[in-house]
Amino acid sequence: MIGIFYGSTTGNTEAAANDIAAALGVDAANVHNVGETSADTVAQYDTLLLGSSTWGSGDLQDDWYDFLDAFKAQDLAGKKIALFGCGDSDGYPDTFVGALAQIYDALADSGATFVGQVDGDGYGSTDTESFRDGKFVGLPLDDADTDSHASRIADWVATL
Numbered sequence: 051m052i053g054i055f056y057g058s059t060t061g062n063t064e065a066a067a068n069d070i071a072a073a074l075g076v077d078a079a080n081v082h083n084v085g086e087t088s089a090d091t092v093a094q095y096d097t098l099l100l101g102s103s104t105w106g107s108g109d110l111q112d113d114w115y116d117f118l119d120a121f122k123a124q125d126l127a128g129k130k131i132a133l134f135g136c137g138d139s140d141g142y143p144d145t146f147v148g149a150l151a152q153i154y155d156a157l158a159d160s161g162a163t164f165v166g167q168v169d170g171d172g173y174g175s176t177d178t179e180s181f182r183d184g185k186f187v188g189l190p191l192d193d194a195d196t197d198s199h200a201s202r203i204a205d206w207v208a209t210l
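Residues in the sequence shown are numbered consecutively from 51, following the working numbering.
Hints are computed from structural coordinates only; laboratory data are not their basis. For clarity, every value in this text was computed on a predicted model and none was experimentally measured. Treat the hints with care, since some could be wrong.
Pairs of lysine-lysine residues, derived as DSBU-like cross-links and limited to a Cα-Cα distance of at most 35 Å, are as follows [said to hold, decoys possible]:
id	residue 1	residue 2
1	Lys129	Lys185
2	Lys130	Lys185
3	Lys122	Lys185
Derived CB-CB ranges, DEER-like [claimed, not checked]:
id	residue 1	residue 2	range
4	Asp159	Ala194	14 to 24 Å
5	Asp183	Gly161	16 to 26 Å
6	Gly170	Asp109	34 to 44 Å
7	Phe164	Asp144	14 to 24 Å
Here a beta-carbon is modelled for each residue, glycine too, at the ideal position from N, C-alpha and C.
Hey, can you work out the whole structure from these sequences and the hints?
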């Protein structure tokens, strides 16, 4: 079963989470705002899709800080994790979707398997900490190119 967990300040990441849920046929009851959800909720899911917007100089969305600390304490062994996030490659090319790197690094030794990495083709910036070994660690949704969000989401969910 898939659980989608997101942190959103302006609504963009929430909209992305809902679009991803619709594309995967995930019921709204399985889409969770991390600011309103207990981290132990993750136990019921085999696959976790985690989304955050990026703020400041590559920072997580505020609700993620407390949630991520509690999330790391959960047993994630054997689970699949895919990341998605919103950022602005024009305004902040060096920290574009930096929040994805923070989540990835925090959970790298969790025993979970990361899936859903994305090639950098067509993105304004790949010179960012979330771009590793020729791929983004998750799905970047670029505020500088909102017209491509629907197709990028469709392509990404097809790989999960």
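So, going through the hints one by one against the coordinates:
no.: 1; hint: Lys129 - Lys185; verdict: holds, 21 Å
no.: 2; hint: Lys130 - Lys185; verdict: holds, 18 Å
no.: 3; hint: Lys122 - Lys185; verdict: holds, 24 Å
no.: 4; hint: Asp159 - Ala194: 14 to 24 Å; verdict: violated, 33 Å
no.: 5; hint: Asp183 - Gly161: 16 to 26 Å; verdict: holds, 20 Å
no.: 6; hint: Gly170 - Asp109: 34 to 44 Å; verdict: violated, 22 Å
no.: 7; hint: Phe164 - Asp144: 14 to 24 Å; verdict: holds, 23 Å
Figure legend: structure checked against the earlier numbered hints; hints not met, in rising order: 4, 6.
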